[in-house]
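Student: Here is how the chains run, residue by residue.
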Amino acid sequence: MTGVFAAHPVPVPVLALGDVLLVTLQGELHDGAAGQLQHDVARRIASGPAPVGGVVIDISGVDIVDSFLGRVLAEIAASASLLATRTVLAGMRPAVAITLAELGLTLPGLVTALDVDAALSLLDRAPSPVPPAHPEEGA
Amino acid sequence: MHAPLVPTTRLPIGSDVDLGWVRQQVRQTAARLGFGLVQQTKLVTAASELARNTLVHGGGGHLEMTLLEDGAARGLRLSFVDAGPGIRDVELAMTDGYTSGGGLGLGLSGARRLVQEFTLESRPGQGTTVTLTDWVAGFPSARAGSP
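First to last, the protein sequences are chains A and B. Taking the working numbering, the leading residue of the first sequence gets 1, the next gets one more, and so forth. Taking the working numbering, the leading residue of the second sequence gets 1, the next gets one more, and so forth.
Hints listed in this document are in silico derivations from the structure and should not be mistaken for laboratory results. Treat the numbers as computed from the prediction; the structure is a model and nothing was measured. Keep in mind that the hints are not guaranteed to be accurate.
Pulled from the structure, derived: some chain A residues nowhere near chain B, Cβ distances all over 10 Å [unchecked claim]: (1) P13; (2) T24; (3) D40; (4) R44; (5) A46; (6) S47; (7) V52; (8) D63; (9) S67; (10) L83; (11) P108.
Per label pair, the in silico range of CB-to-CB distance [said to hold, decoys possible]: (12) B/R32 to A/H39: 31 to 41 Å; (13) A/A84 to B/T9: 42 to 52 Å; (14) B/P12 to A/E75: 25 to 35 Å; (15) B/R10 to A/V10: 25 to 35 Å; (16) B/L67 to A/V10: 49 to 59 Å; (17) A/I98 to B/G34: 14 to 24 Å; (18) B/L68 to A/G32: 29 to 39 Å; (19) A/R43 to B/P12: 31 to 41 Å; (20) A/P94 to B/T119: 24 to 34 Å; (21) B/P124 to A/H39: 33 to 43 Å; (22) A/P49 to B/D89: 47 to 57 Å; (23) B/L67 to A/L114: 28 to 38 Å.
Cβ coordinates follow ideal geometry from the N, Cα and C atoms, glycine included.
Make the full structure from the sequences, and use the hints.
Tutor: Here it is as structure tokens:
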């Protein structure tokens, strides 16, 4: 939460976990990095090296979500959805949830999960690269 | 590491990096004053909304952060000051969903809900000052912003 403050926005890494893209947001996210992230995710879905089965955005390390970041998250999910890919927002802190509700930013279009494991289950993906045994299960 | 408590701190708001710095300073100051986690989160979120308004709509400006003491009560006052175009219709700008900047239109109205006291002064052509005041919970304080 504290520490050296980067003068230049550091891009947020987008990791592949099996066929799921995992984005982990930490601490401060500069506006420029947020916009870049949206591009990176859409590009990876549309023209990445492998088909993408879902996107998980882990915000357990984020201590505030304001309306700008909320809009970025909603737009990442919306553009992924237009590219036939589901997004799950994982790990929102309770204080952030309370604040967003009071702010009036309830992000109705976003699917949420309490942590990354739960998000992967929602996407019907095991954390390890095991092929799905029950293709009929899940949402 | 911690600066000593001084009455008023002035922080520039001129870039998105400054927004991060503002959030961090407000967070640290609120924590030091004894604000609880939820109240800190609300205050920092409100500060982030207003600092972005100062940057995007006001063309930049500054934050004045003042520590308050009223008897045993401790509070924090944040004034976001710009010399930008001002707000022509304050009532409209305070409406949920009203936006002039491509956002969600929750900045001003949402920030007002997150804090105990909220005032907005604006004159077309001369700029805008938005002031938030929050008292450490546990001490009686009227929620002046709500009827």
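Student: Would you pick out the hints that fail for this structure and give their numbers low to high?
Tutor: Hints 8, 9 and 16 contradicted; others consistent.
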